[in-house]
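Novice: This is what each chain is made of:
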Amino acid sequence: MIEFYLDRSSGLSPYLQLMQQVRQALRVGLAEPGEQLPTVREVVAKLAINPNTVLKAYRGLEYEGLVEARPGLGTFVVDSLVAPPPGTHARLRRGLRRWLDEAQAAGLDDASIVGFVSSTLRDAAEERVA
Amino acid sequence: MNALAAHGLGKRYGEHWALRNCSLEVPAGRVVGLVGPNGAGKTTLLQLAVGLLAPSTGTIEVLGLAPGKSREALARVGFVAQDAPLYPDFTVGETLTIGRRLNERWNQDWAERRLAGLSIPLEKPVGQLSGGQRAQVALVLALGKQPELVLLDEPVARLDPLARREFLQSLLDAAVEHGLTVVLSSHLISDLERTCDFLILLRDAEVRLSGAIDDLVERHRLLVGPRGRSTAGAGIARTIRESHTDKQSTLLVETAGPVGDPAWESHVVDLEELVLAYLGEPNEPRRPVDVLHRVEARA
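Chains A and B are the protein sequences, given in the same order.
Note that numbering that gives the first Met the number 0 has the first sequence beginning at 0, numbered continuously upward.
Note that numbering that gives the first Met the number 0 has the second sequence beginning at 0, numbered continuously upward.
What the hints contain is simulated information worked out from the structure, not anything from laboratory work.
One should not assume that every hint holds.
Label pairs and their computed distance ranges (CB to CB) [unchecked claim]: (1) A:58 <-> B:247: 38 to 44 Å; (2) B:27 <-> A:89: 53 to 59 Å; (3) B:267 <-> A:80: 24 to 30 Å; (4) B:127 <-> A:114: 55 to 61 Å; (5) B:27 <-> A:125: 43 to 49 Å; (6) B:264 <-> A:98: 51 to 57 Å; (7) B:27 <-> A:40: 14 to 20 Å; (8) B:37 <-> A:80: 46 to 52 Å; (9) A:68 <-> B:257: 29 to 35 Å; (10) A:89 <-> B:116: 51 to 57 Å.
Taking lysine to aspartate or glutamate and the DMTMM-like style, the derived pairs with C-alpha atoms no more than 25 Å apart in a straight line are [stated by the list, open to error]: (11) A:55 <-> B:271; (12) A:45 <-> B:190; (13) A:45 <-> B:176; (14) B:123 <-> B:82; (15) A:55 <-> B:176; (16) A:45 <-> B:111; (17) A:45 <-> B:172; (18) B:246 <-> B:264; (19) A:45 <-> B:213; (20) A:55 <-> A:31; (21) A:45 <-> B:147; (22) A:45 <-> B:165; (23) A:45 <-> B:271; (24) A:45 <-> B:196; (25) A:55 <-> B:269; (26) A:55 <-> B:272; (27) B:123 <-> B:88; (28) A:55 <-> B:165.
No experiment lies behind these values; they were computed from the predicted model shown.
Built from N, CA and C at the ideal position, the CB exists for glycine as well.
Whole structure, please, built from the sequences with the hints as guidance.
Specialist: Quick look at the structure:
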């Protein structure tokens, strides 16, 4: 779940700051489609911010097609901004093949490679959060 | 419906006008910041709105009702007076009892839950609470009667920054929960900038500026250009504040459409600059009534 903050020195009005933080979270994959944004009341209670400011930010994001308000439920992410440029997958695959060859040469079998990858992913995710 | 509406409202004490020519409309659901220097009429306006004062001229309505004359207006409007006056010898619980006995629509459950959430013990005498806790109790007392409009006179002026933040969090949380309209007077523009979406600015007993903050900000610009440049035709409705160096002029203006003259570099202003410009406002030509008043005051 996204946690908002306000930067008084940014020069951006609060509602634009909230919109930018959601976009940034989508860009780096910290928020994904289906995920709920904090309720207006949660944001208001945390930041001591005007409720209409939060509503305005959420409406702006809805207009951009990034989120969707579901009446009675809240506001949910519907689109992701993580769209890698063309050719990215092929390049990543080539790099991964090189790494796999190296891992196999070092004596790791398939199961330990999968385990190694998932534990590294977890560590990286924790580092991003911290 | 308007939560608050005033037309030609004035309050006079002998020769002295505490508030005059006050006309404004505040739509329901807004969080309104009431700003102005001491003695500008903020407290007078709030006390007129709750019926503690009667107007000398004009009318004021809250939620479509005349304050001070209607029992319904009393029930639907909450008020926290300056310095949150409470009985220091009463415990918090006894203070809630006053609220319960004096109000028709009192929500004891909500009040107790809210105080428990703030870790304020019911058995403690009010006089032994911190300033922040006392302010919170006064807020619970004002909101426990389940008003639709709540007016607060300088509620955070004497609180430290943390208590101030916590108070505003409580207030805004309740505003969302109950769909309240809130009017609060304050000196702290930085607090107002994040909490309020509507502004009323008083100076010298008159309303100088009022409206939705987004609209007000959108309507004003800071223009920087060569000194002596004419502002004619530049899309300027009026100049609020100006300053000059040898070569350069800086104007804070209310615009009337886009600023057409490319010699003027146009900047967006923030709320604080806007408020300070209107509070400073040395250049505004005085209207005859003002001059007259000054003469009277001196005599």
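Novice: Compare the structure with each hint and give your call.
Specialist: Results of checking the hints against the structure:
no., hint, in the structure
1, A:58 <-> B:247: 38 to 44 Å, "holds (40 Å)"
2, B:27 <-> A:89: 53 to 59 Å, "holds (58 Å)"
3, B:267 <-> A:80: 24 to 30 Å, "holds (26 Å)"
4, B:127 <-> A:114: 55 to 61 Å, "holds (60 Å)"
5, B:27 <-> A:125: 43 to 49 Å, "holds (47 Å)"
6, B:264 <-> A:98: 51 to 57 Å, "holds (54 Å)"
7, B:27 <-> A:40: 14 to 20 Å, "holds (18 Å)"
8, B:37 <-> A:80: 46 to 52 Å, "holds (49 Å)"
9, A:68 <-> B:257: 29 to 35 Å, "holds (33 Å)"
10, A:89 <-> B:116: 51 to 57 Å, "holds (55 Å)"
11, A:55 <-> B:271, "holds (21 Å)"
12, A:45 <-> B:190, "holds (14 Å)"
13, A:45 <-> B:176, "holds (14 Å)"
14, B:123 <-> B:82, "holds (19 Å)"
15, A:55 <-> B:176, "holds (18 Å)"
16, A:45 <-> B:111, "holds (21 Å)"
17, A:45 <-> B:172, "holds (9 Å)"
18, B:246 <-> B:264, "holds (14 Å)"
19, A:45 <-> B:213, "holds (22 Å)"
20, A:55 <-> A:31, "holds (21 Å)"
21, A:45 <-> B:147, "holds (23 Å)"
22, A:45 <-> B:165, "holds (9 Å)"
23, A:45 <-> B:271, "holds (23 Å)"
24, A:45 <-> B:196, "holds (18 Å)"
25, A:55 <-> B:269, "holds (18 Å)"
26, A:55 <-> B:272, "holds (23 Å)"
27, B:123 <-> B:88, "holds (9 Å)"
28, A:55 <-> B:165, "holds (23 Å)"
When the structure is compared with the earlier hints, no violation turns up for any of them.
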